[in-house]
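Asks: Listed here are the chains, written in short residue letters.
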Amino acid sequence: MKSHSHAFLSPRDMIGFALLAAMIFVVFPLLLEPFRLNLFGKYLTYAFVAVGLVLCWGVGGILSLGQGVFFGLGGYCMAMFLKLEASSPENTAIQSTPGIPDFMDWNQLSALPWWWEPFNSFAFTLIAVIAVPVVFSYIIGVAMFRRRVGGVYFAIITQAIAAILTILIIGQQGFTGGVNGITDLRTLHGWDIRTDAAKTTLYFVNGVLLFAVLLAAQFVRRSKLGRLLIAMRDQEDRVRFSGYDVANFKIFVFCLGAAFAAIGGAMFTLQVGFMSPSFVGIVPSIEMVIFAAVGGRLSILGAVWGTLLVNWAKTSFSESFPELWLLGLGALFIAVVMAFPNGLAGVWAEKIEPRLLKLTRRGDKPLPNATPAE
Amino acid sequence: MLDMTNPKYVLMVEGLTVSFDGFKAVNDLSFYVEPNECRVIIGPNGAGKTTVLDLICGRTRATSGNVAFKGADLLKMREDQIVHAGVGRKFQTPSVYEDLSVFANLELSFPKGHGVFGALFFKRDDAVKARIEEIAEMIFLSDHLSQKAAFLSHGQKQWLEIGMLLIQDPELLMLDEPVAGMSVAERKKTAELLNRIIADRSVIVIEHDMGFVADIATRVTVLHQGKVLSEGSMEHVQNDPRVVEVYLGH
Ligand SMILES: Nc1ncnc2c1ncn2[C@@H]1O[C@H](COP(=O)(O)OP(=O)(O)OP(=O)(O)O)[C@@H](O)[C@H]1O
Ligand SMILES: [Mg+2]
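So the protein sequences, as listed, match chains Z and U.
Using our numbering, the final residue of the first sequence is 380, and nothing's skipped along the way.
Using our numbering, the final residue of the second sequence is 393, and nothing's skipped along the way.
No wet-lab data here; the hints were simulated from the structure.
None of the values given here were measured: they were computed from a predicted structure.
One thing to keep in mind: the hints can contain errors.
Stated by the list, open to error - Part of the chain U face toward chain Z, derived, beta carbon under 10 Å: (1) C200; (2) E222; (3) D223; (4) V230; (5) K233; (6) Y240; (7) L243; (8) E250; (9) S252; (10) G256; (11) G261; (12) L263; (13) F264; (14) F265; (15) Q311.
Every residue gets a Cβ at the ideal spot worked out from N, C-alpha and C, and that includes glycine.
Here chain Z stands alone, though its shape is the one from the complex (with noise of 0.2 Å):
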């Protein structure tokens, strides 16, 4: 097995790093069309949801239910910025109040309200999208681990967060745009952001961002505080009594989930063109587990693998047959965890990787096991 040394990308990651590098900035820009890679785009943004999760579930034993909460919230804070751009006077002339956002005019509001006006600022807007999510999740983490609660009972409050979350964005329909969202988005700073060519910059813009998490994610995996979140899932008691306080560990790792996920959701803002309570509350939030249980949840790569196998599944399947889906996703779901609890990683580590090292070693002799090569 292997030594306790952890550096901090062993040659096994580096290769794994640099086939998911290979996919994302050349394979899919090269044998994708612009609409195309702009659905690959989409899908990426929830991998970072799902890299988050990796670290609070799969290491750490903190399953939350409404990651989608802190996909939106992000995501909100942009769609904001970019309603106010789109709201000009001049483009909303024929409005009884000009200069604020259409459904803020349909709801008969006469004035932008104060918490929206910060959102006229980028640099403001930059901060909210990490911000809010952090700070919202961060009063949840103190909120229910400082009280012990964990489990079931932790998922099953996250869930609920959500729920309340969308009826509450789906009730404000005047401040929020309610159930169709903040939609009609076009420019960042002047720049169109509808064209393919802006579509394909944001999507490698995405890309870059997504590593910047892969490797926070590694970081911490391969630190102290990773080893903790581990020994915390298996043993919460032993971790306290060797002079830990648990629950700060909990919290930091739930903020980190929601920050990732914050950034999905306001680069889902900024490539899809929208956001809308449909991303916030409890069906999201589910399918954002199973993305990383398909793709293992223990391993960071593999949660991206996952989002972007079920998603592109999930289009594939639902172009032809949009009612069976859902029933589609349950049972792959199933499936996963009942033949491979590690996902799509698990098969990777356990059944192609020993071979491709037996096929590497042996040259080429004929192996037993492997199918012969045409």
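Please arrange chain U with the ligands on chain Z, whose structure you already have, making use of the hints.
Replies: For chain U with the ligands alone, coordinates are given in the frame of chain Z:
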């Protein structure tokens, strides 16, 4: 209330009581542990032995009473603060991190980098490695450092958990049935280990194996239904008719 800062004692437990829905698992219990003493607590199943340790280390909240460790009121402190004050505790069922290596198990117990950012930027320097190797030697696991703890034998897990406490260098070490489930050979080695580590600290051990108790005890406290039934030297309690009746007799 008595003076809880008496320097004659490391640990003072007075009038300690805990009630679980009216059932008093520990009932008005008092005892005092001196520096460098090895106190063994014995008693029948369900006597409240584990619960006493739980109360001292903050795992269970007392209903009433006082626990003072070197003058500090443990009942007002959080679990991790009690650990940092110098109290280490081993659980009855061996609690080690099965998914981590023996090395990582010991490293997590090393008394440094216990805050979030301390842990995130913790450096595995030579001092840490040397200390881990020193402890591993003491607990007979030098050859197993890179092994996953899940693959250790039951006895080795007990040793590992003792090692995880030793690396913190606590002034008061509390061990709940450290030789349970061990072979005769392992018991002997453990007694040797304990005799070595109790030299410069106070220890509370819960144990059923009377041979083992005789090997290590300075004083013995016999618990029965949450109360002290008898206390004194091994010889004294063994000859106490009440102890023979409720515990040693069968
Ligand atoms: N959290 C709790 N809630 C309710 N009852 C408890 C709790 N913890 C312990 N008890 C009860 O308190 C009594 C004492 O338990 P304890 O575990 O301290 O016994 P023990 O002396 O360690 O026994 P053993 O030798 O079997 O380990 C038992 O009857 C147990 O059922
Ligand atoms: Mg017990």
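Asks: Would you mind marking each hint as holding or not holding in the structure?
Replies: Taking the hints in turn, this is what the structure says about them:
1. C200: holds (6 Å)
2. E222: With a minimum Cβ separation of about 5 Å from chain Z (threshold 10 Å), the hint on U/E222 holds.
3. D223: holds (5 Å)
4. V230: Hint holds; U/V230 Cβ to chain Z Cβ min 9 Å, cut 10 Å.
5. K233: holds (9 Å)
6. Y240: Nearest chain Z Cβ about 4 Å off; hint holds.
7. L243: holds (6 Å)
8. E250: holds (7 Å)
9. S252: holds (5 Å)
10. G256: holds (6 Å)
11. G261: Interface hint status for U/G261: holds (8 Å vs cutoff 10 Å).
12. L263: holds (5 Å)
13. F264: holds (7 Å)
14. F265: holds (4 Å)
15. Q311: This hint holds: U/Q311 lies near chain Z, its Cβ roughly 7 Å from the closest one there, short of 10 Å.
Checked against the numbered hints above, the structure breaks none of them.
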